[in-house]
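2 protein chains.
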Amino acid sequence: MTTPPALAEQARFVPGKIITVDFAEAATSPSYDIVIGHSILTEAATLIRLRLGARRCVIISDSIVEPLYGARLEAILVAGGHTVLDTLVFPAGEASKNFAQLHELLDNILTLGADRQTLIIALGGGVVGDLAGLAASLALRGLDLVQIPTTLLSQVDSSVGGKTGIDTACGKNTVGTFYQPRLVLADVTLLDSLPARELRAGYAEAVKYGLISDSAFFRWCVTHGGQLLNGDSESQIHAIGYSCAAKAKIVSADEREAGSRALLNLGHTFGHALEAATGFGNLLVHGEAVAIGILMAFRLSVRLRLCSMRDYDEIHAHFASVGLPTKPPSFDYDIPRLIDLMKQDKKAEGGDITLVLSRGIGQAFVCRDTDIRALTNEDPTGLITAVWREFTGS
Amino acid sequence: MTTPPALAEQARFVPGKIITVDFAEAATSPSYDIVIGHSILTEAATLIRLRLGARRCVIISDSIVEPLYGARLEAILVAGGHTVLDTLVFPAGEASKNFAQLHELLDNILTLGADRQTLIIALGGGVVGDLAGLAASLALRGLDLVQIPTTLLSQVDSSVGGKTGIDTACGKNTVGTFYQPRLVLADVTLLDSLPARELRAGYAEAVKYGLISDSAFFRWCVTHGGQLLNGDSESQIHAIGYSCAAKAKIVSADEREAGSRALLNLGHTFGHALEAATGFGNLLVHGEAVAIGILMAFRLSVRLRLCSMRDYDEIHAHFASVGLPTKPPSFDYDIPRLIDLMKQDKKAEGGDITLVLSRGIGQAFVCRDTDIRALTNEDPTGLITAVWREFTGS
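As given, the protein sequences belong to chains A and B, one line each in that order.
Using our numbering, read the first sequence as starting at 1 and increasing by one per residue.
Using our numbering, read the second sequence as starting at 1 and increasing by one per residue.
Just so you know, these hints were derived from the structure itself, not from any lab.
Idealized CB from N, CA, C, for every residue including glycine.
Not one of these hints is a red herring.
List time: in silico EDC-like cross-link candidates among lysine to aspartate or glutamate, alpha-carbon distance up to 16 angstroms:
1) K249(A) x D33(A)
2) K343(B) x D371(B)
3) K327(A) x D313(A)
4) K172(B) x D340(B)
5) K327(A) x E390(A)
6) K343(A) x D371(A)
7) K172(B) x D115(A)
8) K172(A) x D107(B)
9) K327(B) x D313(B)
10) K172(A) x D115(B)
11) K172(B) x D107(A)
12) K327(B) x E390(B)
13) K343(A) x D115(B)
14) K172(A) x D340(A)
15) K249(B) x D33(B)
16) K172(A) x E94(A)
17) K172(B) x E94(B)
18) K343(B) x D115(A)
Derived Cβ-Cβ restraints for the label pairs, each shown as a range:
19) E104(A) x G281(B): 26 to 36 angstroms
20) G281(B) x A196(A): 54 to 64 angstroms
21) R56(A) x A169(B): 14 to 24 angstroms
22) G80(B) x T370(A): 19 to 29 angstroms
23) R51(B) x S308(A): 39 to 49 angstroms
24) E104(B) x G53(A): 33 to 43 angstroms
25) D332(B) x T46(A): 50 to 60 angstroms
26) R51(B) x A79(A): 47 to 57 angstroms
27) A253(B) x R51(A): 22 to 32 angstroms
28) A216(B) x A169(A): 50 to 60 angstroms
29) A75(B) x L283(A): 44 to 54 angstroms
30) A79(B) x E104(A): 42 to 52 angstroms
31) T46(A) x A253(B): 31 to 41 angstroms
32) E104(B) x R56(A): 29 to 39 angstroms
Residues from chain B shown here face chain A by an in silico Cβ test under 8 angstroms; the list is partial:
33) S137
34) A139
35) G142
Starting from the given sequences, assemble the full structure and let the hints guide the process.
So this is what it looks like as structure tokens:
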């Protein structure tokens, strides 16, 4: 395995081992470790006890993950000296990220007799992390949280950084908190149970980190992406470790997304609009929407003469080679509505669209659509419309 | 007006003016100002604009306060260059601190088209501050919040420190966040509309600060309490300023109540149990319960030979002289249940009761009931029961 040069600079990163998300400079939250590797679940009780002591725990999981790993995690925790008050299970899927489900979880946590020393353990993918994280941040004004992400998407992305949330009629994650976990346990063994499509979708978020700021990691992905998706756990550990270290660096500098954290949204403004238009359903899952959104953001950058067509083609070729979608699925798209959806994004301000554009692979930057007008004297809505037309064929 | 010596040390405190709650050392939250004085409401637009810029605002108030000051605040904000998206009003009273009301508020805030630059303004007493503060902390993962407390209780206490919350079947404020406002505007002119009973109840929380750590401020209260409660605004400004500075000092050192912040709960463990037993109703309002709880905590301290009976008598005499209750209202109390309620307090851990006891006026300290056994070899439950018996006559 080649180690990208940028990694050497990230002294905290030890491949396949432990990454510390260090808030020491910002001091906005306590620092915490992300432990990545094989068979981490088996060691969960010890890893938790060494950092947080023996605890009374409430496990929160969903109807897909709990039958796979719930009983095993309970047994491991109990054998390791912890108490498990209960495992709370909700129906799998984004539709559970609603107010009623949050209310039910909080009532259950409190009724179990949780006190401020009770530990919430989120066992599952992004939906479990978002919902359990929000419940943990609200119960008794904040209980300690351990994330055990079980999908590649949540291992490379959503389990790190402390965003929690539920959806409302006004959009995805429009209600939530910034709330850091005390520990993240990323066990690549758990990825064996993940459908290939979900693995690919998660992989797109890992590639994103190379595209944002490190072309060497993108080259590594081009070389190793195929074997990673074929289940090679060494490559998985490397990519997860790299992604977590990259995200940790950005998040610890800007926990509440006042500035540079917005870079993490590369591909997300286009991607969220696509997800919303197609109903957040099975037609297009989040990581796929991000992959398409990344291509659209680079295409817009090419149209703005910020980035070369060669860079765009390279990304397109890599996504295609690993089986990620490179254009939106067939659907009756309404382009003015897609642009409205981009304007309704949480990061939008006063009707402006916040975009992450690029000067090339590894050179992303944040700008508003109004900056486009100032920079290029071109109509930003016209340019964005053109990109939508090109990708949707509408 | 005599200035207590302890005040001179609190360099940030300028009587009748501005106190900065400085999180610089902890850096867990941005610092913010508390502006205290006459006719502050009239200056609200400027005070907000100078710190936070011209904003799109959502005012949140209740059915008692909004008819008194809502239209005036809206007009002041608009005249001062801000936009008011709407004023959201909910039924006055603790019963509104529930999940359904929170859900409704969040839906309304989002439906109004709030973005991350939208400002939430809480106009009202503690219930408005708790509920609007929680909604602000959750909408789009946190909107800026300005507190305009309209009761003495909220001016001296709940508007500072960033606790938000709603009640559940498992207790008061069992769901909530730590979320600091960006600015607090405490206008003593608004206290003119406050019933005398509410003014007294709020006053008890101000006296508390002297009892915790500053006997000189307690002496000031003994001398000036009567005129403060008769509406003398100089005394009100002084007491609010002193209380906010004292609370700011404690909160900025311990935002999330890991340690010394628990001192602020002097009188609250007994007091909350009394409120819960009497149904959080009109029989006993929060500040009255705190006054009685303070006396009970000092009485327990006397029984433990930590504090002199003379100190207890002095506090008792002062509360009686200003018309605060010195014992619980007539009610069919069940002492084992009262003790259970103390054990269910949010600050309790593993069934232990966290108490704030005192070695004399201005010398409060935190201890657990189990520490009592270690210190004195006496049965803590027996001692606490004896105090309950003495006060309730049961």
